[in-house]
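S.K.: Below are the chains, spelled out letter by letter.
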Amino acid sequence: MTAHMKQDKPDRSNRLDAMKQGVLGKAIPRIEGLAKVTGTAPYAAEYAVDGCAEGVLATSTITCGKVLSINKDAVLGMPGVIAVIDDPKLITRAAQGTADEAPQQGPKTVCYWGQPIALVVAETFEQARDAAKHLAVEYREEEGVPLDPQAVEPEEQEDETVRQGDLAHAMAKAAHTVDVTYTTKGHASAAMEPHAAIARWDGDKLTVHASLQMLNYNISELADALNMEEVDIRLISRFVGGGFGSKLGISEEVVAAAIAAKELGRPVRVALSRQQVFQCIMRRSETTQRLRLAAGEDGRLIGFGHYALASNLPGETFVEPVLQSSHFLYGGENRELMLEVARVHRMTAGSVRAPGEAVGMPALESAMDVLAEKVGIDAVELRLRNIPDQNPEEDLPFSSHKLAECLKQGAEAFGWDSGLRKPRHSRDGEWWVGTGMASAARVHNIAEARARVTLKADGTALVETDMTDIGTGTYTILAQLAGEMLGLAPDSILVDLGDTRHPRGPGSGGSWGAASTGSAVYVACKAIREEIADKLGVQETDLDLAHGTAASGEALVDLLDGKDIVREGHYEPGDIEDDYTASGFGAFFAQVRVNRFTGETRVDRMLGAFGFGRVLNHKTARSQCLGGITWSIGVALTEALEFDPRDGHLVNCDLAEYHVPVNRDVPDLEVLLVEERDPAASPIQAKGIGELGMCGGAAAIVNAIYNACGARIFDYPMTPERVLAAMPD
Amino acid sequence: MRPFAYGRPRTIEEATRVVADDGAMAIAGGTNLLDLMKLQVETPEKLADINRIGFGEIEDTQAGGLSLGALATNTATAVHPRVRADYPVLARAILSGATQQLRNKATNGGNLCQRTRCFYFTNVDQPCNKRDPGSGCGAIDGVAKLHAILGTSEQCIATYPGDMAVALSALDASVDIATANGEKRTVPVREFHCLPGDTPWRENVLEEGEIITAITLPPPVGGTQIYRKVRERSSYAFALVSVAAIVEMEDGLFTRADLAFGGLAHKPWHDPRVGEALIGQPPTSETIDRAADILLADARGFGENDFKIPLARRALHAVLEPAAEGAG
Ligand SMILES: Cc1cc2nc3c(=O)[nH]c(=O)nc-3n(C[C@H](O)[C@H](O)[C@H](O)COP(=O)(O)OP(=O)(O)OC[C@H]3O[C@@H](n4cnc5c(N)ncnc54)[C@H](O)[C@@H]3O)c2cc1C
Ligand code: SF4
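These protein sequence lines map, in sequence, to chains P and Z. As numbered in my numbering, residues 19 to 747 make up the first sequence, in order. As numbered in my numbering, residues 20 to 347 make up the second sequence, in order.
Hints were generated in silico from the structure; no laboratory data involved. This one's a predicted model, so the numbers in the text were calculated from it and none came from an experiment. Don't take every hint at face value.
[Claimed, not checked] One side only, chain Z facing chain P, incomplete, derived with CB under 7 Å:
(1) Val162
(2) Tyr255
(3) His336
[What the hints assert, rightly or not] According to the in silico footprint, chain P covers these stretches of chain Z (three or more CB under 8 Å from chain P):
(4) 20-30
(5) 142-149
(6) 320-334
Beta carbons are placed, not taken as given, at the ideal position from N, Cα and C, and that holds for glycine.
Isolated chain P, as found in the complex (with noise of 0.2 Å):
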């Protein structure tokens, strides 16, 4: 039986807190995590599948043109090689987040370097690397294709741009504006796990390992790559390790091993090489991104311009939403905002975590660093005074708004300096000291998701659905949020989770993952609880559950009389999205340190306050929250991808060459956790938190790089050469 919601109006009966189990929001640890640590936990290449053959993708060597042909018959014969193929149907890039169809097909025709072209097999895995770097390929290369994003007429993205009022008038006429451009470079999500594949089939029935991010896209994704049924494809990824964007969509290996298991009858494993995972995945664009700011003498904002421009292949319907946030973050009546692309051909562009927000916040709330000096006024003040009362540009309320809340206790727990500010007021030995604060956005997103409840006549639970974890704690919320509602405790709930045999939702991603799923899970246990209200003879609301027992004395299991219930729970956004802007709000506060020889920055301490509704489980939305700050250091000091600049490949492909932060670049980082209920974000009053955490870190790190030594910088990241070019003798 189907229990359905569609959410049309906020909910605000906060069922959940009327709830007697006392689980929900506890700081428990991973339910999987003992399996991931001791590695029982399978990730998708660890299946050990019998008279599995190995593939490798071999890639091309040039940036544009077409594969006249390859030599398939020299590398046939090197010891173990099974076959060579470059069947129409391979992907040559990976699927967008859920484009729900394939994404560009035919390795003949080759439009970014590294692109793949043909699958290589054979009985091991080194045999077949070694032959995908011996095929010999005939190529009829295109010459002079636009490779820097600075150098072609870019394309307006016209649902993006935003005209109100009069900008340049309210910029000749303010008391105080800014005008600044800033640079961020490209990122890669860097996931621990390189993608892979077990692909094997029995009949026309074609199940898949894979280690992606949302089944439910991406089993169509599948299917149209390679003119099938949905009904005959089964896709598993029950663990993840890491996903950051770059497994939202299908990728290149999977529809390789599903291909070369058709062709060869035997199971096939692709799993691709770290080299492989940067170049042929997903690349963060760079920006270029222009902040036009005026202000009266008070610092309200007047006149708002956020112009920016991303890059991506053609074809591509992918463009980085800078400006997600910009739309409603602060007030300004004259308004201009605009996103436009250039066409290139580098690497795929994609959603890496925090797509927009990621580098449009660091861009906007450096700016606002700049103005807030200007204006001569504290920087928490004037973001202070910068909260619209509703979306600027919409006729809409905020759903629920907990930017000042955060501003001022994250402020408070921080000990923000709210005085006047001079750069280098502190030394410490070679080192400048000091701070900067940064506001935090990111917009809710939610969407349709079915999960199937069962609450057993032994007294525990069963929750189903295709939901993945992608290592952020799915299994252990939802063994909370069931728990919560039928008042079992969550080690007697198993979660079963990345199985396109179960219920579907949209799966991990756009930080979606728990409000949506959970949402179903909770509708799946209201139904159950109104059948035991029922057999009790009260009303649902009425019905108090904890540890197996109803409040009336009676036991669960007696109850069930030895029969399950089984519901699943279908939730819809509905229309609530057209009536609210719903968003999770924070800030950032950095004190760091930068050498005043050198220009290496270090981070000496981190804190970031968010409000993203209710909290699930306090140590998972932390951890969530210090890898986000964790991501704004590697933003602000680092993380830049490079590409050659006369064929675009991608030249700093592993983590020895590509810097994410390290340990040791990770000072202690505080999270304060500000809880509120958003009624009109889900029925479960939870937003989501997996991105929030890093939109605008950067730029607190940046403004804290100002405070210390005086040097304001507009490109990220900020590498030593660019701190000691802009640093005052």
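Take the given structure of chain P and dock chain Z with the ligands to it, following the hints.
M.R.: Same frame as chain P, now just chain Z with the ligands:
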């Protein structure tokens, strides 16, 4: 990775013989060689695992110095009490390199012979004169942020990426080598690595069949010893620029300034004139600038790495200004 034969010689004689006669490649910790084999930058047909030939000891020398076995690990070397007490610049340099896990595996001999981290060298689908003589240099008009500013050639602008050897160069250590015909020779560390010239594939003076057996440190000289590594992140990153310095002062004047630099060239950079310019001088900004002028007189950037020229100067200041305070 290509199939390869694997052997485990038991003696140095056997090791030099298989390396000389059978064309085998020595493998020690494997932390560099295995990565390059996976990328097919190195494609040896035979590997000689030298971990069982001995030479893993760290011992006092008769002259009062210290002999570091080629197969002693970087970790064992860095934590050795005499290294820490008498050659702190070396301990600091080693500990600034790679990660604990890598240092536990990496050996002293392997560390000296580690290959460049040039992006084009490690990508076999790109041109590189070092890897594939005559194919061209991908880095010169490419992404050259990590590359050299001193001693470059038309053929190659790569750097020697290591830290340990920079300290060894400042300490004027020497490399003990067993030759293919059973003899021994010794080469100063300062002469061990080569400039790229017209033979960029040649990174050091080892001849076919030669194996490093030890590194010999001269008797300790004391002084203030500093290893300063400038890098983007605080660990697990190669140097943008590094400075190894052994400094002594008397009456406010430099009496010793043994300096070597990393990240600037195809070898640890030691130019005796730089230190000499300091001797007898006070540690003023002007004195240090004069030394930097000498160091950087012939420096040439390739666009993206131009910053290394001012950074090297600043790193020298960073090292000498506080060192003067400490040693004064
Ligand atoms: C991600 C990463 C980061 C790193 N960061 C740094 C860093 O910051 N600073 C730094 O200094 N180093 C760094 N390293 C390099 C590391 O120090 C070297 O990989 C290591 O020292 C090599 O020692 P090994 O014993 O593992 O050598 P192997 O990999 O076994 O061998 C390397 C080379 O030396 C040759 N060789 C080995 N022993 C001998 C011998 N006795 N005689 C003759 N030839 C020999 C081998 O034939 C091979 O060519 C890093 C390495 C990695 C992978
Ligand atoms: S700098 Fe040297 S190692 Fe790098 S590509 Fe040029 S020749 Fe090869």
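S.K.: Failing hints, ascending?
M.R.: none
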